[in-house]
Amino acid sequence: MSDATVTDLLRKPSSRRRFLRDGGLLAVIAGAACKAAPKAAAALAQSPSGQTGGTMGPNDTSSRASATAAADAMDAMHEKGIKAFPAKTAGLGNQRLAPNVVDGVKVFELTAKKIQWETEPGHLVEAWSYNDQVPGPQIRVREGDRVRVILHNQLPESTSIHFHGLELPNAMDGVPFITQPPVKPGQSFTYEFVVPNAGSHMYHSHHDSAKQVGLGLLGAFIVEPTVRSVHDDPDVDEVLILNDGAHGYTFNGKSFPATQPLVAKLGQKLRIRFMNEGMMIHPMHLHGMHMTIIAKDGWPVPAPWKCDTLNVAPGERWDVMVNCTNPGTWAFHCHILPHAESEHGMYGMVTALVVNK
Amino acid sequence: MSDATVTDLLRKPSSRRRFLRDGGLLAVIAGAACKAAPKAAAALAQSPSGQTGGTMGPNDTSSRASATAAADAMDAMHEKGIKAFPAKTAGLGNQRLAPNVVDGVKVFELTAKKIQWETEPGHLVEAWSYNDQVPGPQIRVREGDRVRVILHNQLPESTSIHFHGLELPNAMDGVPFITQPPVKPGQSFTYEFVVPNAGSHMYHSHHDSAKQVGLGLLGAFIVEPTVRSVHDDPDVDEVLILNDGAHGYTFNGKSFPATQPLVAKLGQKLRIRFMNEGMMIHPMHLHGMHMTIIAKDGWPVPAPWKCDTLNVAPGERWDVMVNCTNPGTWAFHCHILPHAESEHGMYGMVTALVVNK
Amino acid sequence: MSDATVTDLLRKPSSRRRFLRDGGLLAVIAGAACKAAPKAAAALAQSPSGQTGGTMGPNDTSSRASATAAADAMDAMHEKGIKAFPAKTAGLGNQRLAPNVVDGVKVFELTAKKIQWETEPGHLVEAWSYNDQVPGPQIRVREGDRVRVILHNQLPESTSIHFHGLELPNAMDGVPFITQPPVKPGQSFTYEFVVPNAGSHMYHSHHDSAKQVGLGLLGAFIVEPTVRSVHDDPDVDEVLILNDGAHGYTFNGKSFPATQPLVAKLGQKLRIRFMNEGMMIHPMHLHGMHMTIIAKDGWPVPAPWKCDTLNVAPGERWDVMVNCTNPGTWAFHCHILPHAESEHGMYGMVTALVVNK
Chain A
10 MSDATVTDLL
20 RKPSSRRRFL
30 RDGGLLAVIA
40 GAACKAAPKA
50 AAALAQSPSG
60 QTGGTMGPND
70 TSSRASATAA
80 ADAMDAMHEK
90 GIKAFPAKTA
100 GLGNQRLAPN
110 VVDGVKVFEL
120 TAKKIQWETE
130 PGHLVEAWSY
140 NDQVPGPQIR
150 VREGDRVRVI
160 LHNQLPESTS
170 IHFHGLELPN
180 AMDGVPFITQ
190 PPVKPGQSFT
200 YEFVVPNAGS
210 HMYHSHHDSA
220 KQVGLGLLGA
230 FIVEPTVRSV
240 HDDPDVDEVL
250 ILNDGAHGYT
260 FNGKSFPATQ
270 PLVAKLGQKL
280 RIRFMNEGMM
290 IHPMHLHGMH
300 MTIIAKDGWP
310 VPAPWKCDTL
320 NVAPGERWDV
330 MVNCTNPGTW
340 AFHCHILPHA
350 ESEHGMYGMV
360 TALVVNK
Chain B
10 MSDATVTDLL
20 RKPSSRRRFL
30 RDGGLLAVIA
40 GAACKAAPKA
50 AAALAQSPSG
60 QTGGTMGPND
70 TSSRASATAA
80 ADAMDAMHEK
90 GIKAFPAKTA
100 GLGNQRLAPN
110 VVDGVKVFEL
120 TAKKIQWETE
130 PGHLVEAWSY
140 NDQVPGPQIR
150 VREGDRVRVI
160 LHNQLPESTS
170 IHFHGLELPN
180 AMDGVPFITQ
190 PPVKPGQSFT
200 YEFVVPNAGS
210 HMYHSHHDSA
220 KQVGLGLLGA
230 FIVEPTVRSV
240 HDDPDVDEVL
250 ILNDGAHGYT
260 FNGKSFPATQ
270 PLVAKLGQKL
280 RIRFMNEGMM
290 IHPMHLHGMH
300 MTIIAKDGWP
310 VPAPWKCDTL
320 NVAPGERWDV
330 MVNCTNPGTW
340 AFHCHILPHA
350 ESEHGMYGMV
360 TALVVNK
Chain C
10 MSDATVTDLL
20 RKPSSRRRFL
30 RDGGLLAVIA
40 GAACKAAPKA
50 AAALAQSPSG
60 QTGGTMGPND
70 TSSRASATAA
80 ADAMDAMHEK
90 GIKAFPAKTA
100 GLGNQRLAPN
110 VVDGVKVFEL
120 TAKKIQWETE
130 PGHLVEAWSY
140 NDQVPGPQIR
150 VREGDRVRVI
160 LHNQLPESTS
170 IHFHGLELPN
180 AMDGVPFITQ
190 PPVKPGQSFT
200 YEFVVPNAGS
210 HMYHSHHDSA
220 KQVGLGLLGA
230 FIVEPTVRSV
240 HDDPDVDEVL
250 ILNDGAHGYT
260 FNGKSFPATQ
270 PLVAKLGQKL
280 RIRFMNEGMM
290 IHPMHLHGMH
300 MTIIAKDGWP
310 VPAPWKCDTL
320 NVAPGERWDV
330 MVNCTNPGTW
340 AFHCHILPHA
350 ESEHGMYGMV
360 TALVVNK
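Protein chains in written order, with my numbering: chain A, 10 to 366; chain B, 10 to 366; chain C, 10 to 366.
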């Protein structure tokens, strides 16, 4: 990267950030956009004042009023962003899709179409979605299930679905002109197969894919194993899909402060399934606790290893376990810092893990 | 990466793609540019029509004629690219170089010079090559062999060869002004050593290297171990050198559709040796089957692990085994999608693994 | 990356490089800026001429005088850079900071302020530093120590310290508005905790961090374990902090030829602690010997593995051991070649491992 580009990155105003609300944290975190506990809101709201151990000294004699004023103005922007988290936006992606069971076959219908999508409060983007969600609905099945996925194309372009990570018969692989014809605008196409291998996988367009996946045609395809391990019944099981295309830097289709926190109780086991649908690496850094790597691309790793910063490359999936032993609200973000913070405050690839006592 | 850059990537017309041929697949895949079986061509040609299990529904009532026409035009470009694969181009890199054996020493001569190189049909680039190949000829020796590599420099710049991964005596390390003088235009230089360590290694220029390696001064240096493991006698053994410099996104010096397919028979064991000679990561995604990682930078991994998407960083080599258990023609590409597809169709870092019944 | 960008990278003149000195190697390497042995200087100085085994042939008949002249001019620039290594510059970061022990508490004081920093001879940049160093002083403690870190903010912006990798109580985590108020210009803030986990960690700003960390507010925080392993008493123990922000491509705050060599004696065990504080990956390539990976983010890996090129992503720490079995001066650099070399010679992320007999 040239210096010019680096400088641009540093200077770039995060024009998408709009801190229209302040102090809405408690209301929002306990409301519809938040999956979990009022305790989370309480923990977050209290932490700046309720801290123990940290002591702020008096200003030293060299402090200057003008510097302080500029710093105050910057800090106010940062504070507004944090206080707005988790901000309410229209639409939520990655929602579990219940199948219709027809003669023992789990049937999922996916309609690909253009929508408007709110990535953070007030910021609407064009999205190409499955079932009006970005990411598309989460499909969750078991190894050995017979599955039928019916794709309806309401887009202005042809499309297809590739089940990324599933070892399917060739005709179900979803690559136009290699394994099937493209699915034209207005057409439907039916994929049907017996689910061959377990793990955290993805489905996405494999036609004009740099554009179509960037615009939102993607989702999680999770396969529960028939032989279960100690990691297959966590207390909390979360999917975190990373993207960096036309919608900016997002987790599950939303940018901070509209990202969703992960919430667990003290002592619980949390499984996180990272999936990168973008074009760049994202080294995910969890504060306060480490992650134990248990699977790569759905395959259990032979020797689980620990880290606090996990480099997730495009197309990869990594499953990790977190023992939630450290109470509090913990920053959880991409450690390419320009993906997570600007002079205007945190944005993009930032969320929190809230561990409630 | 700024939004502007992302947008540029998405919009960028792949001006290098020229789909001058159509329907040439069968002729080409059975011809000189293809190493293997007519069955591969048959499998690929049949797959769009010969599929089983996928069913295309009727157009729904909302389909619009104009959208369909635009989609048809895009699809036609995509189809031409696929049908042209593997497209014939002049020159083939990474060809095994047989040594002259002189008094028990395996002698290889490498002549560095400027050539024109065809990366895809009709697209000629300036290349700096060894023996008129990009990548340079593949050198394959055994641990403990005495090897002599004679470099002849016919370039307009000085150069040198670094044997990347070999633990050589310092004077053979190929770094001008640290371990040797630069090899001037018109000069020759002789490297001689006993091969110290096994594995998948590389040789490349270590002088003005960002330019010289980007232009093609690189090749595979593979060392067979004296103590052989189960992985050392695969049915098929392939080298895949990734590059992203002045020649665009290439596998073994060629861009899709001029990349070479990997071909195996059902049930065979395929070893792939990934080598990244570029400036960017390339997470390589194989469809239909997983890869088992057996070595990093030539060193066997203590606990082989599985994946379908392998992140290969500049300078790294990764050896993987694929059990070819799933018949068909499988897309195999970099999963940074703008390295593999544009609105004009697949290009750059795309090839296929063909598993014949 | 578009072709235009690649071309820019290749063409970009390294305007920061200034080869004002020549032949200063022996004086400098034995002087204040170098930690180690005259032998290192001797080894480096001798290697171009003192090599064995490499033989330069006569110019062949096709050599042209003009090409040779241009090559000579380029080579002279390359040689000057190498000969200047390790070049003397003002200031040295990552210096061990001795604590004041107060009632059994190890007390460290860090003053954040703006300074001028010399990254290579004659090239001064604005830096935001801890205790006038880039990286900030190295903090080294033991698991279970009680530690107090007093931050004095003399910057024009608010700031904070996040102890990246330490599993601290939430109030000590250093994230403004989540775990503490920002530390305003002129203010001080005291962090105090019992060190919870061993390993190679970092401390850095977590406020306006893309800017503040890029400008230098970062340092190593190393925790010796209470239960020691075979790797915890290496002969040589080095920290290598990678950065790529406003100061260009640096190791420990300096660019080649002002980077510091790593120096060991033949047969010694060298531990290197890589830490990436930048925004890009840096695949670190060691010539001549391999590295054995022993820890990730401070956590011992369950199955140590070997490599010669280690991909280090932003926020990651990797600990490796090198058995210094191969004597000589070995190039050691980022293998994204434009981070390490231009047509003007080596620059940026290049150093050497000197193994003395």
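Where hints are given, some of them may not hold.
Unchecked claim - Taking lysine to any residue pairs in the SDA-like style, the calculated list, with each CA pair at most 25 Å apart, reads:
(1) Lys-122(B) x Asn-140(B)
(2) Lys-274(C) x Lys-115(B)
(3) Lys-122(C) x Ala-76(C)
(4) Lys-123(A) x Ala-85(B)
(5) Lys-315(C) x Ala-85(B)
(6) Lys-115(B) x Ala-85(B)
(7) Lys-315(C) x Asn-140(B)
(8) Lys-315(A) x Ala-76(C)
(9) Lys-315(C) x Trp-314(B)
(10) Lys-278(C) x Val-310(B)
(11) Lys-315(A) x Thr-235(C)
(12) Lys-122(C) x Lys-315(A)
(13) Lys-315(C) x Val-239(B)
(14) Lys-122(A) x Met-330(B)
The set of hints was computed from the structure by calculation and includes no laboratory data.
Query raised in the report: Can the restraint linking Lys-315(C) and Ala-85(B) be considered satisfied, given a maximum Cα separation of 25 Å?
Result: Cα-Cα ~47 Å, so violated.
Query - Hinted pair Lys-274(C) and Lys-115(B), Cα distance within 25 Å - result: 33 Å, violated
Query raised in the report: Does Lys-315(A) lie within 25 Å of Lys-122(C) when you go C-alpha to C-alpha?
Result: Roughly 35 Å between the alpha carbons, so the hint for Lys-122(C) and Lys-315(A) is violated.
Query raised in the report: Keeping to a limit of 25 Å between CA atoms, is the pair of Lys-315(A) and Ala-76(C) held or broken?
Result: 54 Å, violated
Query - Pair hint outcome, Lys-315(A) versus Thr-235(C) [Cα-Cα no greater than 25 Å] - result: 19 Å, holds
Query raised in the report: For the pair supplied as a hint, Lys-315(C) and Val-239(B), is the alpha-carbon distance within the 25 Å limit?
Result: 20 Å, holds
Query raised in the report: Under the criterion that the straight-line Cα-Cα distance not exceed 25 Å, is the pair Lys-278(C), Val-310(B) satisfied?
Result: 21 Å, holds
Query raised in the report: Lys-122(A) and Met-330(B): Cα distance at most 25 Å?
Result: Not OK: Lys-122(A) and Met-330(B) at ~39 Å, beyond 25 Å, violated.
Query raised in the report: Taken at face value, is the distance from the CA of Ala-85(B) to the CA of Lys-123(A) at most 25 Å?
Result: Roughly 23 Å between the alpha carbons, so the hint for Lys-123(A) and Ala-85(B) holds.
**Report entry** Agreement of Lys-115(B) and Ala-85(B) with the hint, judged by alpha carbon distance not exceeding 25 Å
**Finding:** With a Cα-Cα distance of about 51 Å, the restraint between Lys-115(B) and Ala-85(B) is violated, given a limit of 25 Å.
**Report entry** Pair hint outcome, Lys-315(C) versus Trp-314(B) [Cα-Cα no greater than 25 Å]
**Finding:** OK: Lys-315(C) and Trp-314(B) at ~15 Å, within 25 Å.
Query raised in the report: Lys-315(C) and Asn-140(B): Cα distance at most 25 Å?
Result: Violated, because 32 Å separates the two Cα atoms, which is more than 25 Å.
The structure does not agree with the numbered hints 2, 3, 5, 6, 7, 8, 12 and 14 stated previously, though it agrees with the rest.
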